[in-house]
Structures are given as C-alpha cells and as structure tokens.
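For the record, the sequence lines run as chains A and B. Numbered per the numbering used here, the first sequence spans residues 1 to 309. Numbered per the numbering used here, the second sequence spans residues 1 to 309.
There may be inaccurate statements among the hints.
Pairs of lysine-lysine, DSS-like flavour, derived with a Cα cap of 30 Å [claimed, not checked]:
no. : chain 1 : residue 1 : chain 2 : residue 2
1   : A       : Lys217    : B       : Lys217
2   : A       : Lys173    : B       : Lys280
3   : B       : Lys217    : A       : Lys42
4   : B       : Lys280    : B       : Lys173
5   : B       : Lys173    : B       : Lys162
6   : A       : Lys162    : A       : Lys173
Far from chain A, by Cβ distances over 10 Å, these chain B residues were calculated [claimed, not checked]:
no. : residue
7   : Lys42
8   : Ala46
9   : Gly111
These are calculated hints, taken from the structure and not from any lab test. Remember, predicted model here, so these are calculated numbers, not experimental data. From the three backbone atoms N, C-alpha and C, an ideal C-beta is built for every residue, glycine too.
Protein chains: 2
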Amino acid sequence: MTEPLFRRVALIGIGLIGSSMALAMRRHGLAGEIVCATRSEKSRAAALRLGLVDAVHEDAASAARGADLVVLATPIGAFARIAAEIGPVVAAGTIVTDVGSVKGMVLRDVGPHLPLNVHLVPGHPVAGTEHSGPESGFAELFENRWCILTPPDDADAAAVDKVEALWAAMGAKVDRMSAQHHDLVLAITSHVPHLIAYNIVGTASDLEAVTQSEVIKYSAGGFRDFTRIAASDPTMWRDIFLNNREAVLEMLGRFVEDLTALQRAIRWGEGDALFDLFTKTRAIRRSIVDAGQETPAADFGRRVPGGGE
Amino acid sequence: MTEPLFRRVALIGIGLIGSSMALAMRRHGLAGEIVCATRSEKSRAAALRLGLVDAVHEDAASAARGADLVVLATPIGAFARIAAEIGPVVAAGTIVTDVGSVKGMVLRDVGPHLPLNVHLVPGHPVAGTEHSGPESGFAELFENRWCILTPPDDADAAAVDKVEALWAAMGAKVDRMSAQHHDLVLAITSHVPHLIAYNIVGTASDLEAVTQSEVIKYSAGGFRDFTRIAASDPTMWRDIFLNNREAVLEMLGRFVEDLTALQRAIRWGEGDALFDLFTKTRAIRRSIVDAGQETPAADFGRRVPGGGE
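The following block holds chain A by itself, in its conformation from the complex:
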C-alpha cells in the first residue's frame, strides 16, 4: 500500500467545497485521516452521518492540531479569525491552503498569523454549484475544472507542488498566477457575473408594473438562468465583494460603460451594432464548449427548455 499524500487533513468549514474535497480525497486515497471543524452543530452531525470525515471539531484549532494539511473552506470573511486561532497550534512544516474566491486578501489576512515554518499556499478551485452545505458535496466537483494556485514569491516549492498534486489527483487542472492577477480574472469571469445576476433578480422583484408571480411564471425566457446564479450562498458572496472591491469595481465600470453604449444603440435603432455584438458573443460560447468547460449534463439540459426566446 502506498502512503497517502497527506497523513491528516483538517478541513476548516464543511460546505459545498469542503465536503466535495472530503469525498474526492477519500475516493482517491489522498489522506490518511480527514477531520473537519465547523461551528454549526447541524453541519458537524451531517459530516459524520454522511461519512465525510473521521472526526468533527467545533473549533478550528482542535482540528488543525496535528494536521499536515489545513484547508480553509469557510466564507473568506472568517479567514483572519481562523488564522489567528490556528497559528499557535500548527506544527512546523504544515501546509495551510484555502479555497476562497479572492486571493489577495489571503496573503493579507492569513499570512501574518502563521509561523514562518508553516507553508501558506493559497488556492481557488473554479468550480461550484448554487447549493450550499455538507449535503451538497460530490466527489466529481473538481473534475476537468481549473484550480488556481497563487503562491507568494517566497513560497516553499515542495509545498506548492504538493498542493498541486492534491488538486490534480482530485481531477482538476492546475494553474499558477499572482494573487493580484487572479483577483482581476475572477472579477470578470465570476464576481461581476454574480453581481449582475443578483441585481437583475432584485430589480425584477421590486417592480410595480409586473407582479412577482408573473416574473416567476415567465422566467423560462432567460431570467430563470440568472436566478440560479443568484441563489448562491449570501455570506460567501458578501465576503467576496467586500474583499475584491477594487477589481470588481474596475470590471463593473467597464460593464456599465459597454451597457451604456448598448442602451444608446437600442434607443437609436442601430441594428447593425447589436447584430455585430450578438454574433461576436456567440463565437465565445463556442470556444467554451470546445474547451470542455461546459458539462455533458448541462448540454443535455439544453435540449429541454432553457434560455433562448
């Protein structure tokens, strides 16, 4: 029997990502022992009932003690507090990673709390669903998805390689980039899309001329797809916007600028400008499907009433 990649993994937080990691690590034999910490009694019970972990803890420090890998998998707003709790107990040589959607703030909030002989390797698996909690996890979540690592310049090379090996073993493709660039890329591919989805669903629910029941009945015209995104975890997303403010506001500025031009084109009946944009965007869709970033299941889903008219 070969040694697992990690002897003891401590998952701090056991939501969609944490539970999916637990299932994937088990399936691929990547951890000798998996424990988790969560302040929610309900989540601790679920984690044990579903067999996700070998032991549960209420506080992060108890879980992190003795682990050779600690994974921060809570909403990112809790990272600073958790880092302060685990800093005193993590052993020399331990790797601390995370799965947060913003990366610059990890170096800022987590780094200072860790001893110098502990290796911080921030990471972000670009995968998810709009479901939350330990029941929503599944072992295949990361397969064929990208995981981005943003190690600081002075990161321990062996530790970074080991985190990369973990993600690769769970089926992910791994990229490395600076935290700053990550936060800019994700602002446009994830954060602003979520923001405008939340926004249009909010707008639709506040109208006087159109009732909420009409919005729900006729949601198959396109709106429905936005509500799916706008059903993502509120705490997680609040923390993302608060912690990637600059990049989000920059990308949002570009979005609004382009939208204003589009608004003007509609007002003045500039059909060619509309047609050209709509043709260009269609080509990008094709590239995403070609790049394997659309799932067969989603493809099947498109055969039944989806977006469109």
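Place chain B on chain A using the hints.
Structure of chain B alone, referenced to chain A:
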C-alpha cells in the same frame, strides 16, 4: 378517427420554434398537413430530410395559400414583409398567429396587411434554447411552459380558443394578456436578461488585462452560464430589441439604477445591504423551482460543476 384541429398548417420560418411546433403537432395529431416556407435552401432540405413537414416552399404566399392556420415563426423583423406577401392569398376564416417575443409590433406590422375576415391571434411560447435552425427542434419544447396569447380587443373568440387549444395540446399552459403588458413582462423576464448577458460577454472579450483564453478557461465561475444565453440567435435578438425599445429601455433604466446602488454598497463596504439582497434573491429562486419552471434535466445539471463559486 377524429378530425385534426387544423386541416393545413403553414409554418412561415422553420427554426427552433417552427420545427418544434411541427414535431409537436405531428406527435399529437393536430394538423392534417404541415407545410413550411423558408428562403433558406438548406433549411428547406433539412425540413424534408427530418420529416418535419409534408412540403416546403420558398415563398410565404405559396405556403399560406389554402392553409387554415398560418404561423409566423421567423425573426420578427420579417413579419411586415411576410404579412404583405400572404395578405392577398389567405382565405376568409384563416387564422394567422405568430411566435414572436414582442407582441405590440405584431398588431402594428401584421394586422394592416390582413383582410378583415382573417383572424389575427398573436402568441408567444415562452420557451427556447440557445440553438437555432430546423435541426434544433424537439417535440417536448413547449411542455409545462407558458404560451401567452395577446388577442386584440375585437378578436374572434372562436379563433382565439382554437389557438389556445393548439398550444394546450402541445403541452403548454396558456395565458392571455394585452400586448402592451406582455412586452413589459418579457422585457424584464427575457429581454433585459439577454441584453446584460450579451453585454458582459462583450465586455469580457474586450479586456486588455485579462486574455480571452483566461476568460474561457475560468468561465465555470459563473460567466459560462451567461455565454449560453449570449449564444442565442443574433438576428432574432436584434429584432427583439429594435421592436421592444421602450419597455426594454424602461426596465434597463431600473436595472442600472439598482446596479449603481449595489456598486456604491461595495465601494463603501456595506456588507449588510449586500447580504440582504443576496438573501432575497435566493428566495425567488426557490419560488421558480417550486413553480415547476426549472427542469429536472437542469436540476441534474446542477449536480455537476455549474454556477456557484
């Protein structure tokens, strides 16, 4: 053998909706004969090859001659021209309907071209996918989806009932409302969502700091779902925005107003305002799922990497 609902149906246009209607009408025995007209030689060949129709025509008038139901199923920008072509040949008592996404303009563009003894019953099945053309149709497209009829005040009651019976037989739920109200409702549930999806995909493809390949690789963070909507037919959508200008600009104004408030909340770090909005939008998602306007297939799709983080 019972009589079919219509003796001879002429589909003018045989894209996603036209071909789905042909398949659904055949499956449920709703038409004695189905013919279609399309100027595209390729589409005519496909319609015959796929057995969608009994005969194909190049021009609308030839197809409409002798039909007791004519369905306009082209992009709405072609409606005025088609109405002018078929006006002189449609027989007294014929029902003319359409499947366009904007309804006020049907009364304006189509009505004046038809003889007084021909019954115009505008309709809009709120269903679709981002795929186009005769190959993309499927008989189940309208099942459990709403179809909105917007008959003018002086419409022939029997004709309206017959169009309603057609949609009900194809599995749709039917609603009636004024064309003006339809155009307002659809502006928020369909047209503005499509517009902002097109817009964000356009914004993402024009950035200098983030490459197109990065946008594609990391699209699973939410962006991907927008590209699906932004892959819808460019001609169809250009025509929609040009023909529902007022309602789209009104709803877009509300969207931008709300987005500006959200932008400000992010800039000033107002976490509670963000959290409250994100919680409200989650509840609306639940109502849509409860109302059966999400499909089992899409639900399955959510079990593999979808929106989320």
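Going down the list of hints, with the structure as the test:
Restraint check for lysine 217 (chain A) and lysine 217 (chain B): not satisfied, since their Cα atoms lie roughly 34 Å apart, outside the 30 Å limit. In summary, the hint linking lysine 173 (chain A) to lysine 280 (chain B) is not supported, as the alpha carbons are separated by about 35 Å, beyond the 30 Å threshold. Proximity of lysine 217 (chain B) to lysine 42 (chain A) is assessed by CA-CA distance (about 36 Å); at most 30 Å being required, the pair is judged violated. Straight-line distance between C-alpha atoms of lysine 280 (chain B) and lysine 173 (chain B) comes to about 28 Å, which keeps the hinted pair within the 30 Å bound.
Annotation: proposed proximity of lysine 173 (chain B) to lysine 162 (chain B) holds, straight-line Cα distance about 14 Å (limit 30 Å). A distance of roughly 14 Å separates the Cα atoms of lysine 162 (chain A) and lysine 173 (chain A); the hinted pair therefore holds under the 30 Å criterion. Distance to chain A confirms lysine 42 (chain B) as a non-interface residue, since its nearest Cβ pair spans about 18 Å, more than 10 Å. The claim that alanine 46 (chain B) lies off the interface holds: its Cβ sits roughly 18 Å from the closest Cβ of chain A, which is beyond the 10 Å cut-off.
Every C-beta of chain A lies more than 10 Å from that of glycine 111 (chain B), the closest at about 22 Å, which supports listing it as non-interface.
The structure does not agree with the numbered hints 1, 2 and 3 stated previously, though it agrees with the rest.
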